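Trainee: Modelling step: build the complete structure from the supplied sequences, incorporating the hints.
There are 2 protein chains.
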Amino acid sequence: TCSFGIGGVDVKRVRSMVVVKAETGGVNSINPDIRKNEEKVVDSVLVNELSKPLTPYCRCWRSGTFPLCDGSHVKHNKATGDNVGPLLVKK
Amino acid sequence: TCSFGIGGVDVKRVRSMVVVKAETGGVNSINPDIRKNEEKVVDSVLVNELSKPLTPYCRCWRSGTFPLCDGSHVKHNKATGDNVGPLLVKK
Ligand code: FES
Ligand code: FES
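Going down the list, the protein sequences come from chains A and B. All residue numbers for the first sequence refer to this note's numbering, where the first residue is 2 and numbers rise by one. All residue numbers for the second sequence refer to this note's numbering, where the first residue is 2 and numbers rise by one.
Any given hint could turn out to be false.
Any copy, or any two copies together, can satisfy a pair, since identical chains are not distinguished.
[What the hints assert, rightly or not] Derived DSSO-like pairs (lysine-lysine); straight-line CA-CA distance at most 27 Å: (1) Lys76 with Lys91; (2) Lys79 with Lys92; (3) Lys37 with Lys91; (4) Lys53 with Lys37.
These are calculated hints, taken from the structure and not from any lab test. Computed from a predicted structure; not experimentally measured.
Mentor: What follows is the structure, encoded as structure tokens:
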């Protein structure tokens with residue numbers, strides 16, 4: 002038997018094997034899925050080409066329309082207790 | 002004794018206690034420190050007020066000048082194997 006804790010939760014009396022996988026892409030990575038073939042994901046906004054007065058851009062790396070925000074930060078925040086939100090670009 | 006794995010790394014023959022703390026702010030949170038007193042961190046860019054032709058905005062939640070990017074994504078990517086980078090706002 003052994004005892005260990007994850008995020009403050011104690012896990013006791015483990016008899017055989019426990020597999021803990023923190024997140025796809027490595028412990029403490031914040032982008033599990035988006036364009037993992039790129040060494041660094043950088044995007045550009047050309048402000049002259051913005052069509053709407055307000056465009057939200059994703060900073061949670063969970064959007065289905067990345068680099069745009071599709072509201073997925075709400076699910077991420079609820080699931081994890083996080084408090085991330087988008088960058089609003091206004092013209 | 003017991004055996005478990007974290008991020009693909011097996012940890013074997015643990016005899017007493019192991020404490021695994023994933024990240025400040027909860028497992029899988031991506032913002033450990035910035036404005037944790039706010040329920041959701043949202044920022045605005047007014048494009049008419051941009052002073053430079055190119056302004057990088059942080060999407061890694063590690064910048065000392067958040068919401069601006071200060072290059073801290075480089076350290077985060079190296080430490081974790083992640084591939085995050087800024088949003089470049091260009092006028
Ligand atoms: S979906 Fe990522 S910040 Fe909104
Ligand atoms: S410091 Fe966060 S993206 Fe550059």
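Trainee: Each hint should be assessed against the structure and marked as holding or not.
Mentor: Results for each hint:
Taking CA atoms no more than 27 Å apart as the test, lysine 76 paired with lysine 91 passes inside one copy only; the shortest distance there is 25 Å, against 30 Å between copies. Taking identical chains as interchangeable, the C-alpha atoms of lysine 79 and lysine 92 are never at most 27 Å apart, the minima being 30 Å within one chain and 35 Å between chains. Only between protomers do lysine 37 and lysine 91 lie at most 27 Å apart by alpha-carbon distance; the minimum there is 25 Å, versus 29 Å within a single protomer. For the identical chains of this complex, lysine 53 and lysine 37 are neighbours neither inside a copy (29 Å) nor across copies (30 Å), given an alpha-carbon limit of 27 Å.
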